[in-house]
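Residue numbers (the working numbering), protein chains in the order written: chain A, 12 to 208; chain B, 12 to 208.
Just so you know, these hints were derived from the structure itself, not from any lab. This one's a predicted model, so the numbers in the text were calculated from it and none came from an experiment. Possibly wrong hints are sitting among the right ones.
One copy or two, either will do: identical chains are not told apart, so a pair holds if it fits within one copy or between any two.
[Said to hold, decoys possible] With a cut-off of at most 25 angstroms between alpha-carbon atoms, the simulated SDA-like pairs for lysine to any residue come out as follows:
#, residue 1, residue 2
1, 50, 145
2, 126, 116
3, 50, 151
4, 50, 116
5, 50, 138
6, 133, 123
7, 13, 87
8, 133, 154
9, 13, 204
There are 2 protein chains.
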Amino acid sequence: MKLYDLELSGNCYKVRLFAALAQIDIDCVAVDFLGGEHKRAPLIELNPWGELPILVDGELVLRDSQAILVYLAARYGGAAWWPVEPQLQGEVMQWLSTSANEIQNGPSAARLVDKFGFVLDKAVALDKAARILGLIDGHLASHDWLAAGRPTIADCAVFPYVALAPEGGIDLAPYRHIARWIDRVKSLPRYLAMPGT
Amino acid sequence: MKLYDLELSGNCYKVRLFAALAQIDIDCVAVDFLGGEHKRAPLIELNPWGELPILVDGELVLRDSQAILVYLAARYGGAAWWPVEPQLQGEVMQWLSTSANEIQNGPSAARLVDKFGFVLDKAVALDKAARILGLIDGHLASHDWLAAGRPTIADCAVFPYVALAPEGGIDLAPYRHIARWIDRVKSLPRYLAMPGT
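Bound conformation, chain A alone:
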């Protein structure tokens, strides 16, 4: 099983983090992102979105970090990480959407501007980041984990770009429940760090 990977991508890190936690073996293939390898054949044929990560497992090719988490957890990770109960799947799913939208367009976008020079509206990204970090902090005031009362792929999906928010010029100090949750994630057995977390 191959993961087309970029070390500094939080989306790729979601997958590496979950694979480490759930003890799933994947071969990470480093992609020359700055050289645009993901925008050319053969990678653009695997993922017409032109984005990383891409997972290839036999005949299956998946784009989108949330989709890869669901697949890996459903196939190899067990119900601990991706519950089978409909209400718990719904709970986890709320945070996969948050990860795909609000986190991507908030703290992740701010980091893309500061760290990689992307041309995006930084003020909009910071506004979105402040809103979503406040909502997450409020949720974590009464929950140890994002969903299902235990660590799940919801935490793996949300953790990277929240923990990396300072690289987008965002101070996490006001979010004390997030700070404690970050410590809880880092204390999980087999936790894997990335540069910047």
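Once you've looked at the hints, dock chain B against the given chain A.
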């Protein structure tokens, strides 16, 4: 089971459409959106995000239209709409992320500007819409349905804001595979329309 609902919201329509197709009984409760009812108690306590739809089923409260689709399909809809096979869950999940992010920030954002006067960057929304509509059209050139070779919640999640794109000033004529897919969705037994589709 109650759905706090707004007739003109594509996110709410995702749920109404799926419930109709899968013959799931829900009570739609119309929310006074222009009056800000969703930003006040009691709705803001059900969903601190201050957004619609919200689903309440017994003790369970869910925000986020994708999460509601997963829950309803897993609990009441059967595996036809939300497969149990990991690889097919992964395939469907790719489109739930696309719905939460690219569709929301592309065609949906353009429509929010034109139809409801939201203060958003219309040019950015149109750029994002052109990119994602092109990618979806390319996918549908060789697929009748978005995932799993059959109608699933992926189609229910992506259909509303794609079909409503003309309300954001987006011409769908260049996307002929999307046009055929829209016709296929509209031909499904028990298809439910909304104003603008």
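Same-copy or cross-copy closeness of residue 13 to residue 87 [CA-CA at most 25 angstroms]: Only inside one copy: residue 13 and residue 87 sit 14 angstroms apart there, 35 angstroms across copies, limit 25 angstroms.
Residue 50 and residue 138: within-copy, between-copy, both or neither at 25 angstroms Cα: This pair counts as between: shortest inter-copy Cα distance 18 angstroms, intra-copy 30 angstroms.
Within, between, both or neither, where residue 50 and residue 151 count as close if Cα-Cα is 25 angstroms or less: Between copies only: 21 angstroms across chains, 38 angstroms inside a chain, cut-off 25 angstroms.
Up to 25 angstroms CA-CA - residue 154 versus residue 133, copy category: Neither, since 30 angstroms and 37 angstroms both go past 25 angstroms.
Intra- versus inter-subunit Cα pairing at 25 angstroms for residue 13 with residue 204: within (20 angstroms within a copy, 42 angstroms between copies)
Intra- versus inter-copy proximity for residue 116 and residue 50 (alpha-carbon distance at most 25 angstroms): So residue 50 and residue 116 pass the 25 angstroms test inside a copy (21 angstroms) and across (22 angstroms) alike.
Identical-chain pair category, residue 50 with residue 145, by Cα at 25 angstroms: between (35 angstroms within a copy, 16 angstroms between copies)
Residue 133 and residue 123: within-copy, between-copy, both or neither at 25 angstroms Cα: both (9 angstroms within a copy, 21 angstroms between copies)
Identical-chain pair category, residue 126 with residue 116, by Cα at 25 angstroms: both (15 angstroms within a copy, 23 angstroms between copies)
Checked against the numbered hints above, the structure violates only hint 8.
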